[in-house]
Amino acid sequence: MNFGPLIFLGVFFTMACSWFGMIVVPQLQIGGQQPVKLEATGQMYPLPRAGLAQQGAAVYRANGCAACHSQQVRQGPPVFDVKLNDLGTNAAQVADIARKINHAAGAPLPGKNIWRTPVKKDADAAAKRLTDAGAKAAVVIVPTGADIERGWGARVSVAQDYLYDQPLMLGSRRIGPDLANIGARKPGADWQLWHLYNPRLITDGSFMPAYRFLFNEVPRRKDAPPALGALDKTLVAKTFPEPAGETVTDIVPTAEAVALVAYLASLNPDAPLFEAPAPVPPPPAAPATNTPAAVKP
Amino acid sequence: MSASPTSPQNSPAEAEASCRLPLLVFFGGAAFWLVAASLLGHLASIKLHSPSFLSHCEHLTYGRLYPAAMNALLYGFASSAAFGVALWLVARLGRVAVPQPWLVAFAGKLWNLGVLAGVAGIIAGDSTGFEWLEMPRYAAVPLFFSSLFIALWTLLAFHRRAERGLAVSQWYLVAALLWFPWIYSTATMLLVCHPVRGVMQAIVGWWFTNNLQTLWLTPMALAAIFHFLPTLAERPLHSRYLALFGFWMLALFGGWAGIPASAPVPAWIVSVSNAAAVMLFIPALAVGLNIVNTLRGGPKIVGCAGGPFCFLRFAVMSYVVAAVAGAVVAASAPGAVAQFTWLKTALTHLNLYGFVAMALFGAIYEILPRVTGADFCRKFMRAHFWLAIIGTVIHVGALAIGGLKQGALLGDAAVPFHNVIKTSLHFFRVATIGELLILVGNLLFALNVVGLFVKCARKCCGAQMSCCAAEPATTGGAK
Numbered sequence: 001m002n003f004g005p006l007i008f009l010g011v012f013f014t015m016a017c018s019w020f021g022m023i024v025v026p027q028l029q030i031g032g033q034q035p036v037k038l039e040a041t042g043q044m045y046p047l048p049r050a051g052l053a054q055q056g057a058a059v060y061r062a063n064g065c066a067a068c069h070s071q072q073v074r075q076g077p078p079v080f081d082v083k084l085n086d087l088g089t090n091a092a093q094v095a096d097i098a099r100k101i102n103h104a105a106g107a108p109l110p111g112k113n114i115w116r117t118p119v120k121k122d123a124d125a126a127a128k129r130l131t132d133a134g135a136k137a138a139v140v141i142v143p144t145g146a147d148i149e150r151g152w153g154a155r156v157s158v159a160q161d162y163l164y165d166q167p168l169m170l171g172s173r174r175i176g177p178d179l180a181n182i183g184a185r186k187p188g189a190d191w192q193l194w195h196l197y198n199p200r201l202i203t204d205g206s207f208m209p210a211y212r213f214l215f216n217e218v219p220r221r222k223d224a225p226p227a228l229g230a231l232d233k234t235l236v237a238k239t240f241p242e243p244a245g246e247t248v249t250d251i252v253p254t255a256e257a258v259a260l261v262a263y264l265a266s267l268n269p270d271a272p273l274f275e276a277p278a279p280v281p282p283p284p285a286a287p288a289t290n291t292p293a294a295v296k297p
Numbered sequence: 001m002s003a004s005p006t007s008p009q010n011s012p013a014e015a016e017a018s019c020r021l022p023l024l025v026f027f028g029g030a031a032f033w034l035v036a037a038s039l040l041g042h043l044a045s046i047k048l049h050s051p052s053f054l055s056h057c058e059h060l061t062y063g064r065l066y067p068a069a070m071n072a073l074l075y076g077f078a079s080s081a082a083f084g085v086a087l088w089l090v091a092r093l094g095r096v097a098v099p100q101p102w103l104v105a106f107a108g109k110l111w112n113l114g115v116l117a118g119v120a121g122i123i124a125g126d127s128t129g130f131e132w133l134e135m136p137r138y139a140a141v142p143l144f145f146s147s148l149f150i151a152l153w154t155l156l157a158f159h160r161r162a163e164r165g166l167a168v169s170q171w172y173l174v175a176a177l178l179w180f181p182w183i184y185s186t187a188t189m190l191l192v193c194h195p196v197r198g199v200m201q202a203i204v205g206w207w208f209t210n211n212l213q214t215l216w217l218t219p220m221a222l223a224a225i226f227h228f229l230p231t232l233a234e235r236p237l238h239s240r241y242l243a244l245f246g247f248w249m250l251a252l253f254g255g256w257a258g259i260p261a262s263a264p265v266p267a268w269i270v271s272v273s274n275a276a277a278v279m280l281f282i283p284a285l286a287v288g289l290n291i292v293n294t295l296r297g298g299p300k301i302v303g304c305a306g307g308p309f310c311f312l313r314f315a316v317m318s319y320v321v322a323a324v325a326g327a328v329v330a331a332s333a334p335g336a337v338a339q340f341t342w343l344k345t346a347l348t349h350l351n352l353y354g355f356v357a358m359a360l361f362g363a364i365y366e367i368l369p370r371v372t373g374a375d376f377c378r379k380f381m382r383a384h385f386w387l388a389i390i391g392t393v394i395h396v397g398a399l400a401i402g403g404l405k406q407g408a409l410l411g412d413a414a415v416p417f418h419n420v421i422k423t424s425l426h427f428f429r430v431a432t433i434g435e436l437l438i439l440v441g442n443l444l445f446a447l448n449v450v451g452l453f454v455k456c457a458r459k460c461c462g463a464q465m466s467c468c469a470a471e472p473a474t475t476g477g478a479k
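Protein sequences appear in the order of chains A and B. Last residue of the first sequence: 297 in our numbering, with the numbers rising by one and none dropped. Last residue of the second sequence: 479 in our numbering, with the numbers rising by one and none dropped.
Next up, chain B with everything else stripped away, as it sits in the complex (with noise of 0.2 Å):
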C-alpha cells in the first residue's frame, strides 16, 4: 500500500459522500437486524413466561431464539453500524474520500449475509456452544474476512487522510478497528476451528465476550460519543489530556476483565481479572468527567429535545453507571452472589441498550441525513428516544433488582429452587415491559431509516441520477 500522505485534499462534502454507498449497506443492515434481533428476543422472553408456548417446534425453543437475538443484536445490528460509524468518521475527520467506497459496501453486504447465515444457523440447530460466539463456522469464516476487508479499508483510508492532526474518536476507532479482527480470529480459532480442551474454552469464551464489549463496542461508542457530543454542543472538548488518559486506561484494562469470581480455573486468572474489571471505572470516569465538563456552562447550556444529542447524552450516563456498577461487583462479595444471575445480564443489557445502542443510534441519526440529503422524522426520533430510555430504565432496574434478589436467594439452600425461580420472574416481568418498550423504538428507529432511504430514492429519481444530491445537509437543527 503506497498510500501518499499528500493525497489530494478533499472538500469535507466529496469525503462524507464518498461513504454514502457503504453506509446505506451497513445501516440499513443495522436497522434490519436491529428489528430481527428486538423480535427474537421479545419472542424468547414471552417463552419464558409460558413455556408451552410453541413448543412443538424445535426452530423456536428458547435456547435457539435467544442467542439468536443476541447474535443479531451484536453482530447484524451493533458492528455493523459501528463498521459504518467509523467510516464515516474517518472520511470526515481525516477529509480523505474513501477509496472504491463500493469494495467495502460489498464487504458490508458480505457481512450482512454472514450474520444472516449464523442466525439462521443457530435457529437450525447448529450454534457452536459458546456463549455470543453460537454462529457456526459456515458463518464464522465469511464474518471474519468481512470485517478484516473492512477494517483495513477503513484504516487504509485512515491512513491516506489529509487532515493529519488525530482527534479524539480517531484513537478510539484505530484501535477497536484492530482489536476486533484480532479477538474475533483468536476466538473463532481456538473454539470453532482447532478448539482448546477443557475449561481453556471457557477462557477463551469469557476473554472474547469482553473484549467484544469492552475493547470493540465500548470504544466505537466513544469514538461517536467523542466526536458527535462536543460537535453537537458547539463546544470545544474540556481536556485532550483526560481523554488520551481514560483512552490507555481502557487499552489497558480492558482486555482482562470477564472472568467470573468463582470460574473453575487457577485462581491468578480470577484474581487478575476481578482486579482489572475494577479498574474500568477509571475510563468511564474519565470519559464522563470530560463529557461534563465539556458540555457544561458556555455561552448556552444545550437542552434536549429527542434528538441525536440526547442519545448520545444518554449513552455517557450509561456506560457510566455500567462501568461504576460492574467494578463494585467485581469488587464485593456481590460478585460470587451475582454469578448465575440476571444481574449479570442487567449489566450486559445497561451496556449493550444503553450504552452502545444509543450512542450508535444518536451518531446515525446525525450521519445519514449528511450523507443523503434527506432528513429523518423528528416526531420519531424523539419517540423512539424516550421509548428507548424508559424502557433500558425499566428492563435494566428490574433485571438488575430480581438478580440480586435470585443471588441472595440462591444462597440459601432453604429456599426451594422453585420458589428462587417464581421470585425473580416477577422481576423479569416487569423486564419484559421494558424491553418492549425498546422493541416499539426500535420499529420507530427502522421505519425512519426505511423512510429516509424512501425519501433518498425519490430525490434521486426527481434529480435525474444525481443521486441523493451531495450537497451534506446542514445541521445543528433539533438537539
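Next comes chain A alone, as it looks inside the complex (with noise of 0.2 Å):
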C-alpha cells in the first residue's frame, strides 16, 4: 500500500483549509477594520495611544504583565431598563401606566428607571406606552456579568477596542484582576507606582510581583531635600514608615515606571458602540471591590 501522494495531499489540503478559514477569511473580514466615530461626541474611536503610553507599553510586554493580567471584558446577556426622562403634561396618567408596567415603581420621577427586563420587545413596548401618554421614556440597553459587575470595564470588549494594540496582550489567564480598564478604575499615578514598586505596601497580602527593579532607592540625610521626583510617602504611610535612623531612602520612579503607568492610565475602553453599547454617561469608577483595600486611590 503506497499513499504517499494521496496523504501528501491530503494533509497539504487540510491545513490550507484551516489557514485560508481561520487566517485569511478574518483577515478579509475585520483586518481592515478602521476607526470609527462617535455619536455621541463626533471623536474618532479608538485614538492611537501617546508616546509615553507606546513606551509603556513595550514595558508591559517585556515584564509580561499579560501572564497574569487579561485585557477583556465578558459580558453576559444584556439587560434593558425602561427609563423615564420626562413626565410629560399627564403625569396622573403616566404614573398609573407606570405602576402597571411594574407595581414595584415606586413614585415615577424625571430621570428613573421604571422596569427592568431581559426582552428588549417587551421593554421597547412599555416605553411606548409612557410615550403615547406623553411622557418621554428611552430604553437603556445594561450590560450584565460577573466582569461588568466587578467594575472592570463599562461593556464588553470589542475587536475596535483592540486596534492600536502592538503587540496585543489579552492575556489568558487572571491571576490577577483584569486591566482592561484599569486607567478609568485606578486612575491615580501615585497609587500604580506604589503598587509597582511593592504591591503588599498597597493591598495586603498582595500575590501579584514586586517591580523593584523599575524604582531607584535613593537614600539621603533626613533633613535634606527629597530627591527630584520621588514618590509620596503619604500615600503608604501606615505599611511604609519612616525608619527611625538618620537616612530615609526616596522612592525614585525610573522612566520605564512612568511610561508604564501611562500605558495602565491609558487603558480605558468606554466609549458605547454600536456592537457593544454601554450606559452613556459610563458608570463612575467602581468601588475598589478587588480587595479590601489598605488604601484607596
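All the given hints hold, so there is nothing to weed out.
Below, a list of computed lysine to any residue pairs in the SDA-like style, where the Cα atoms sit at most 20 Å apart:
hint	chain 1	residue 1	chain 2	residue 2
1	B	422	A	204
2	B	422	A	172
3	B	422	A	173
4	B	422	A	200
5	B	405	A	176
6	B	422	A	146
7	B	344	A	176
8	A	37	B	197
Hints in this document: simulated from the structure, not taken from any laboratory.
Assembly of the complex is requested from the two constituent chains, each provided in isolation within its own frame, with the hints serving as guidance.
Spelled out as C-alpha cells, the structure:
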C-alpha cells in the first residue's frame, strides 16, 4: 500500500483549509478595520496611544504582565431598562401606566428607571406606552455579567477596542484582576507607582510580584530635600513607615515605570459602540471591589 | 531532488546508525532544555508563592520566567525530541540511511542555538508578547530556517525509502513535518515580522498555539505511539482503517480549534472553532480504541514495569483524557467559566506533560540504546516513570479542580477578587508539589541520557574509533 501522494495532498489540503478559514477570511473581514466616529462626541474611536503610553506598553510586554492579567471584559446577555426622562403634561396617567408596567416602581420621577427586563421587545412596548401618554421614555441597554459587576469595564470588549494594540496582549489567565479599564478604575499615578514598587504596601497580602527594579532607591539624610521625582510617601504612611535612623530612602520611579503607568492610565475602553452599547455616560470608577484595600486610590 | 526510489537497500542497522549523530544532538538538546524548562518553571511557581522573592532582579520576574520555561519546553525539549524521533522512524521504517547526517546534526545545533537565543531574549526582556511565540525575531528566524531544513531533509530521506509501504506512524510524521514549518512561518510572519492589526493578532496567536499542540506535537507523539506500542507488545495493530480514520479526523478538525469561547472576534469564528474543539475527541477515541484493542488479548497481557512501554501507554491515556475533557469544556457552559482560569492551564499541561512528553520519553528510551549500543540505567528510568505519572496526576488534578473553583468564584461578583485568588492558590500549592515530582523525574531522565552518552563515549575509546558500535542493542528486554 503506497498512499504517499494521497497523504501528501490530503495533508496539504486540510492545512490549507484551516489556514484559509482561520487566517485569510478573518483578515479579509476585520483586518482592515478602521476607527469609527462616535455618535455622542463626534470623536474618532479608538485613538492611537500617546508616545509615552506606547513606550509603557513595551514595558508591560517585556515584563510579561499578561502572564497574570487579562485585558478583556466579558458580558452576559444584556438587560433593558425602561427609563423615564420626563413626565410630560399628564403626570397622573403616566404614573398609572408606570405602576401597571411594574407595581414595585414607586412614584415615577424624571430620570428614574421604571422597569428592567431581559426582553427587548417588552421594554420597547413599555416605553411606547409611556410615550403615548405624553411622557418621554427611553430604553437603555445595560450590560451584565460578573466582569462588569466587578467594575472591570462598562461594557463588553470588542474588536474595535484593540485596533491600536501592538502587540495585542489579551492574556489568557486571571491570576490578577482584568486590566481592560484599569485607567478608569485606578487613575492615581501615585497609587499605581507604589503598587508596582511593592503591591503589598497597597494591598494586604497581594500575590503580585514587586517590580522594585523599575525604581531607584536613593538614600538621603533626613534633613536633606527629597530626591527629584521621589514618590510621595503619604499614600503608604501606614505600611511603609519612615525608619527611625538618620537616613531615609527615597523611591524614585525610572522612566520605564512612569511610561508603564501612562500605559495603564490609557487603558479605558468605555466608548459606547453600536456592537457594544454602554450606558451613557459610563458609570464612575467602580468601588474597589477587588480587595479589602488598605489604601483607596 | 532526483531521488530514486530504488536507492540501495540499507540494512535496518545501517539505516538506524545513520542517524546517530543527529540523534545525539536532538536528544541531548532535548534533555538539556527539559531540565532548563523545569527549573525555570519551578522558579516561576516559587515566585508566585512568595512574590517578594528576588523582586529586585528584572530578569527573574514571573512574567519573564514563565514564558521562558514554556518556550524551553515547547521548542527546546518537545520539538527537538520530536525531530529526532521523526528522523529515526523515517530511517527505521523506510530502511533508508539518512543522507549526509552531519547536515541534519548541524541544523539541529542551529535549532538549539535558536532556542538558547530565544529563551535568553525573553529573560532579557525582548519577548514579543505573543503567547508561545515570545521568542524575539533574532531567534525566530534561525528557528524557522533550521526547522525547515530538518523537515525537508527528513522528508527527503522519507522519499528515498527502500521500504515503500507506509506504516501508520509515517502518515503522522510526514503530516507533522509539513505542518510545522507552515504554522510557524505563518505565525512568525503575521505577528513578529509584518504584524497584523488589532484582534487579528489574537486570532493568529490562538491558531498557532492550538496548531502547535494539535498539528505538530500531537501527531509526532502519535507517530511514536503507533510504532512502539505494537512493536513492544509484539502485537499487530488492531485496525489500520481505524487508524486512517483517526488520522484524517485529526487533520480535518485539528487546525480549527483554539479560539476561546468569549473572544472579542466575529461570532462565527468562535462557533466554528468550538465545534472543531468538540470534534477532536473523535481522533483521540479512535487512537485509544485502536491501542486498547491492539494490546488486549493475544498470547500474553503486557504488564508494566516502568520501561518505555509504560511511558507510551500512559501517553495514550493522557491523550484520550485531555481530548475528551477539552471537548466537554468546549461543548458546555464550563467553556466560558474555564476561560482565564487554571483549568485551561491544566488541560494544556496534561497534553504536554502527560501525553507529548511521555510519548517522547518512551521513544527516546527505546531509540537511544538502539543507535548507540549503550544502555540506560533501568532504575532511573523506572523512578522517572513513577515520578512523572504521579507528578502529572497531582499537578493536573490540582490545577483542574482549582481552575473550576476559580471560574465559579470569578463568575460571582459578590466574591472579592482577593478571595478568588487566595482560594485558587491553595490548589496551586498542591500543583507545585506535582511539578516538583515532575522536575525530579526530568532530572533523572537527563542524568540517564548523559550517562548513556558517557558510556557510549567510553565504548568509543575502547573500540578505537568505531564509535558506539553500530550493532543495535536487542530490545524488548524490559517493558
